[in-house]
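K.L.:
Please dock the two separately framed chains into a single complex, following the hints provided.
Chains as they are written, first to last, in this note's numbering: chain A, 1 to 116; chain B, 1 to 112.
The set of hints was computed from the structure by calculation and includes no laboratory data. Just so we're clear, the structure is a prediction, and the values are computed from it rather than from any experiment. Possibly wrong hints are sitting among the right ones.
Under the rule of at most 27 Å between Cα atoms (straight-line distance), these lysine-lysine pairs were calculated in the DSS-like manner [what the hints assert, rightly or not]:
{"id": "1", "chain 1": "B", "residue 1": "68", "chain 2": "A", "residue 2": "11"}
{"id": "2", "chain 1": "A", "residue 1": "44", "chain 2": "B", "residue 2": "68"}
{"id": "3", "chain 1": "B", "residue 1": "41", "chain 2": "A", "residue 2": "83"}
{"id": "4", "chain 1": "B", "residue 1": "17", "chain 2": "B", "residue 2": "99"}
{"id": "5", "chain 1": "B", "residue 1": "56", "chain 2": "A", "residue 2": "62"}
{"id": "6", "chain 1": "B", "residue 1": "99", "chain 2": "A", "residue 2": "78"}
{"id": "7", "chain 1": "B", "residue 1": "56", "chain 2": "B", "residue 2": "68"}
{"id": "8", "chain 1": "B", "residue 1": "17", "chain 2": "A", "residue 2": "44"}
{"id": "9", "chain 1": "A", "residue 1": "71", "chain 2": "B", "residue 2": "68"}
{"id": "10", "chain 1": "B", "residue 1": "56", "chain 2": "A", "residue 2": "78"}
{"id": "11", "chain 1": "B", "residue 1": "3", "chain 2": "A", "residue 2": "62"}
{"id": "12", "chain 1": "B", "residue 1": "41", "chain 2": "B", "residue 2": "56"}
So these bits of chain A aren't anywhere near chain B, every CB distance computed over 10 Å [stated by the list, open to error]:
{"id": "13", "residue": "7"}
{"id": "14", "residue": "15"}
{"id": "15", "residue": "18"}
{"id": "16", "residue": "19"}
{"id": "17", "residue": "22"}
{"id": "18", "residue": "28"}
{"id": "19", "residue": "45"}
{"id": "20", "residue": "52"}
{"id": "21", "residue": "56"}
{"id": "22", "residue": "60"}
{"id": "23", "residue": "74"}
{"id": "24", "residue": "81"}
{"id": "25", "residue": "91"}
{"id": "26", "residue": "104"}
{"id": "27", "residue": "112"}
Beta carbons are placed, not taken as given, at the ideal position from N, Cα and C, and that holds for glycine.
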Amino acid sequence: EAGVAQSPRYKIIEKRQSVAFWCNPISGHATLYWYQQILGQGPKLLIQFQNNGVVDDSQLPKDRFSAERLKGVDSTLKIQPAKLEDSAVYLCASSGRLAGSYNEQFFGPGTRLTVL
Amino acid sequence: ELKVEQNPLFLSMQEGKNYTIYCNYSTTSDRLYWYRQDPGKSLESLFVLLSNGAVKQEGRLMASLDTKARLSTLHITAAVHDLSATYFCAVDRTGTASKLTFGTGTRLQVTL
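Looking at chain B on its own, in the form it has when it is part of the complex (with noise of 0.2 Å):
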């Protein structure tokens, strides 16, 4: 059974600072995504990551994934408040994209 742990769950940092979320996962895939969930809100696509080694950047946030490590990464630079809000990682299981195993989420409050 596909396993997919995010850490932390539950980050508060303050603006400006950098971090990190790190999603592991416990099986083979080659394809990874970053969603963005605003409290009573949808999932948000933010970045779709399709090879070992694919980068991607959008703003202030970047993700990285690493097929061998089974390991993602979230990285946050020069945190701002717009960009509290939950973020979820999701492992494709089937390697046709069609099947999405969430992670627990992380869970990103920034403070003035």
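This is chain A alone, in the form it adopts within the complex (with noise of 0.2 Å):
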């Protein structure tokens, strides 16, 4: 079973540009997961998908941060005007559990960020 796919791997921008990540959960999951891992923190969940609709975006930064899923599968984040605290991993997640039962969640091999 193919895992969770991302791209790119790495990315260095200069503050105030745009960045966009993309990836690829396993096939079937319905829950999409975007953290934010800055270095040497345990990852920090920014939003969760079910399906195409947003289940939990409560710690996204919605002022440059965005995000969708519109066919249900795959999924965007994107950061507009990066800022230098914004360099950190962003590691997309999936589950294939629906809401109310055990749900382990599988990581990608994340998106490092760099921002100058």
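P.N.:
Right, dumping it as structure tokens:
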């Protein structure tokens, strides 16, 4: 079974530029998550999708971050404009069970963003 | 707000020694996950603990959960260099296994 795919793996941009990350979850997984992992910290949830609907985006900085999952499969996360403090690894995860039952999350390799 | 604390944050241990990593959390939860992360890599699931008293073992690692004490432990037996990595515990906030709050991580370095 193929895992969660993410691209690009690395991205370097200057502050105030925009950037987009792509995620393709495990086939058949209805739930998709985007996490931000700052160096030396644990991952922090940014947004959760159930199919193509947003379940939780309470920790997403909506003034600069946006995400979509239009067809309920792959997803993009965008930052516009980027700030220095956005430098982090952006992890995508997916899970296959519906909310209300055991629901292990599987993580992709991540995109390492450096903002100069 | 759920807080998840791990200690120690950094652990250097010799091969062959035993040690325990602790994960404390601040609100009631019946589900806890342990992940391993190698440098520059993503998170690999190690254990899923689904109830009070749950104990799981894989090789030299054993994880346990005490929901009354809000404590999980990851015990390392006879450490080997290949176990060097960062270990995270993550607590399910909702009971539906869909909202994880991660600990700060414990960076384990096993020396020869």
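K.L.:
Hints first: check each against the structure and report whether it holds.
P.N.:
Each hint tested on the structure:
1. B:68 with A:11: violated (44 Å)
2. A:44 with B:68: Answer holds: residue 44 (chain A) to residue 68 (chain B) is near 25 Å, not above 27 Å.
3. B:41 with A:83: At roughly 24 Å apart (the allowed maximum being 27 Å), residue 83 (chain A) and residue 41 (chain B) satisfy the hint.
4. B:17 with B:99: Roughly 35 Å between the alpha carbons, so the hint for residue 17 (chain B) and residue 99 (chain B) is violated.
5. B:56 with A:62: Violated - the C-alpha atoms of residue 62 (chain A) and residue 56 (chain B) are around 40 Å apart, more than 27 Å.
6. B:99 with A:78: It holds: about 22 Å lies between the C-alpha atoms, which stays within 27 Å.
7. B:56 with B:68: holds (18 Å)
8. B:17 with A:44: Given that 27 Å is the threshold and the Cα spacing comes to 32 Å, the pair is violated.
9. A:71 with B:68: violated (42 Å)
10. B:56 with A:78: Roughly 39 Å separates the two Cα atoms, so the pair is violated.
11. B:3 with A:62: holds (24 Å)
12. B:41 with B:56: holds (24 Å)
13. 7: holds (13 Å)
14. 15: Answer for residue 15 (chain A): holds, closest chain B Cβ roughly 24 Å.
15. 18: Fine: 24 Å to the nearest Cβ keeps residue 18 (chain A) off the interface.
16. 19: holds (19 Å)
17. 22: holds (15 Å)
18. 28: Given a closest Cβ separation of 16 Å, the condition holds.
19. 45: violated (7 Å)
20. 52: holds (16 Å)
21. 56: Residue 56 (chain A) is in fact no farther than 10 Å from some Cβ atom of chain B, at 7 Å.
22. 60: The claim stands: residue 60 (chain A) keeps its Cβ more than 10 Å from every Cβ of chain B (closest is about 14 Å).
23. 74: holds (17 Å)
24. 81: Since the minimum Cβ distance to chain B is about 27 Å, residue 81 (chain A) lies beyond 10 Å and the statement holds.
25. 91: violated (6 Å)
26. 104: violated (6 Å)
27. 112: About 8 Å separates residue 112 (chain A) from the closest Cβ of chain B, which leaves it inside 10 Å; violated.
The structure fails to meet hints 1, 4, 5, 8, 9, 10, 19, 21, 25, 26, 27 from the earlier list, while all remaining hints are met.
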